[in-house]
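K.L.:
Spelled out from the first residue to the last, the chains are:
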Amino acid sequence: MTTTVPATARKPATMAQALTRALRDAMADDPSVHVMGEDVGTLGGVFRVTDGLAKEFGEDRCTDTALAEAGILGTAVGMAMYGLRPVVEMQFDAFAYPAFEQLISHVARMRNRTRGALTMPLTIRVPYGGGIGGVEHHSDSSEAYYLATPGLQVVTPATVEDAYGLLRAAIASDDPVVFLEPKRLYWSKADWSPDAPTEVAPLGRAAIRRRGSSATLITYGPSLPVCMEAAEAARAEGWDLEVVDLRSLMPFDDETVCASVRRTGRAVVVHESNGFGGPGGEIAARITERCFHHLEAPVLRVAGFDIPYPPPMLERHHLPGVDRILDTVARLQWESDWTEGRGE
Amino acid sequence: MTVLEQPGSSRNKSSLAGPPPTWQPRVDPAPLLPDAEPYRLLGTDAAARLDSGLLTRLYTQLVRGRRYNAQATALTRQGRLAVYPSSTGQEACEVAAALALEDRDWLFPSYRDTLAAVARGLDPVQALTLLRGDWHNGYDPHEHRIAPLCTPLATQLPHAVGLAHAARLKGDEVVALAMVGDGGTSEGDFHEALNFAAIWQAPVVFLVQNNGFAISVPLAKQTAAPSLAHKAVGYGMPGRLVDGNDAPAMHEVLTEAVERARRGGGPTLIEAVTYRIEAHTNADDATRYRSDAEVETWKAHDPIALLERELAARDLLTDDFVGATRDGAEQLAADLRERMNADPEVDPMDLFTHVFAEQTSQLRAQAAQLRAELDAEAAGHTEDAAGTDGSAEEARP
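Protein chains in written order, with the UniProt record's numbering: chain D, 1 to 344; chain L, 1 to 397.
Hints may contain errors.
Some chain L residues near chain D, calculated using beta-carbon distances under 10 Å [said to hold, decoys possible]:
| no. | residue |
| --- | --- |
| 1 | His136 |
| 2 | Leu163 |
| 3 | Ala167 |
| 4 | Trp200 |
| 5 | Gln201 |
| 6 | Ala357 |
Quick caveat, the hints were computed from the structure, so don't treat them as lab data. In this text, a Cβ means the ideal position worked out from N, Cα and C, and glycines have one as well.
Let's have the full structure, built from the sequences with the hints guiding it.
P.N.:
Given below as structure tokens:
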């Protein structure tokens, strides 16, 4: 599946369109794939990601459910027990919380509990993160909750191509995947051809989006474009930044991350969710444990503030932007303030 | 201006349009309502039509179940089980649940429903794995079509709905029976499961064993509904209220509901009124929240005694039959005792085997760490052993 796509066959496509295409192809390839959730049928999802699926595959394959997240996920567990591959949509990040008991007490541990006799080939799609001017409860970055639960795979695409490939891989996985869709990238475009064969990335492999030598930015999902922009801007300051897109937070690709940090000697983790208790702490700890003797400076984090997600008119101050990343990169010089103990 | 004062609302009724098209006329709830009193067969004229074969089958299972409960409870005192939530007094519900299902059907038990799983044919030791603590679930759910014993309350109910729905989508005539206690009916998952089941007309039967208490909290503090079976009406499914200690009544009501579901008639909610004779578990002190007199009243309404009366009236309660039944139950208990008294073999490396289909690099590293710790432990033991026995001997000139 690695045929090169001729440039002429590539057309601008949005991430939302690539996700739709992934669902459609998965449903066409495997009759056990069922899409379910609130508004996924007639409406095609509030972000139109399931657009046309009910019409093409029927309401039994793309089902508008009652408004009940625990019920949606709980019934999906039973469907998976009977050999189906449900793809569940949780309409917004914070709407998924009622389903947490099902997720944590059953989905995540069913394989383990039954010694592999019952598996959970479930994909739980969660549009997540801010930056779209959503009102309260529509912009949470909830990845840390999922990461804290053994048995769940946590995947988040940042590019149009990955949106397709990773969703196909998630649906094909025999284990549950929390598939976090960065909603502010839904309308990001890339030249991409859904008709051309695309290599489906295995889950758990990070991608180096930009080669560099002086520091590594480690990021995922909605923060990738910000990091790419910051890396370009940093050239003016003499920084040659490498950018690693994790793509999958669990399984975590220690190998790619550590190899990069060993090359560059400096690392900054960038994500939208709050820093305290956020994924950045775990990533920084892993890097420190594995790459300590290669580090020229402490691993730093650029994260959202440790506050409940702010109202839309204030969210730009909360979300990590290019300037905050550049300021943090500047602190990697490991001199002045740091040596004086005034780093924070 | 209030709503009533709006122009054209109350003053000019003739100009009012009918209800908007999305407004659905109310369905007469009467056919869905449960009986005022729990449905009973034993001690009524209707008992005459019961099949003697069924009665003796139920009796055998009840006696075995009672003995199983007693043996499992004894095993907790010996430290062989971490805990055992006894279903003594509720055996009729457990047995009827198992016998009302066909092989192809699925059972979704709660943690108190070990007996239903055993009556369905599950190996008694495998059924106790969770409570013994050597693994969370001791059997392959597909083998007997029994979902893992569920500890969180009511969370297995949506699973039953999903499985039944999936079976119907695949064209299989499979019914799921989901068991829950009275306390579980207060959980959100109970509501969502019943709602989904009714909307999808899923072939699922919900069996609530109302045994009076959720640990220590009585039903009156759990619900203000006239009965738990009444809850069915709001979802659009029939509710049945049945005497949970009347084994043939339980069997009949469950069988009807299962057959109705299989025919495409949709879900049923059954409330079995019963009583937990023992405490919630061996860790509970039931004297703090209920009186001995109350327990004695319920003991007088014992499911085995009720059935014995009917069997005696039919001259079926012969010494031979009772003796053979008791011997069978003793054999079950003896086997259970013997097998449970053997230390289970646990492999620490199993901790990493079934987290994911494919181990992550992190889990591989942790497995290697544990392996090394185990090897060091084993080597230490060898050294210790050598130090006290062989090596000292060898060290002598």
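K.L.:
Against this structure, judge whether each hint is valid.
P.N.:
Here is how each hint holds up against the structure:
The beta carbon of L:His136 is positioned within 10 Å of a beta carbon in chain D (closest approach about 4 Å), and the interface hint is therefore held. Proximity of L:Leu163 to chain D holds as hinted, the smallest CB-CB distance being about 4 Å (cut-off 10 Å). A cut of 10 Å between beta carbons decides the hint on L:Ala167: the least distance to chain D is about 6 Å, and the hint holds. Checking L:Trp200 against chain D: minimum C-beta separation of about 8 Å stays under 10 Å; hint holds.
Given the 10 Å rule on beta carbons, the hint for L:Gln201 is violated: about 13 Å separates it from the nearest Cβ of chain D. Interface restraint check for L:Ala357: the shortest CB-CB distance to chain D comes to about 4 Å, inside 10 Å, so the restraint holds.
Checked against the numbered hints given earlier, the structure breaks only hint 5 and satisfies all the rest.
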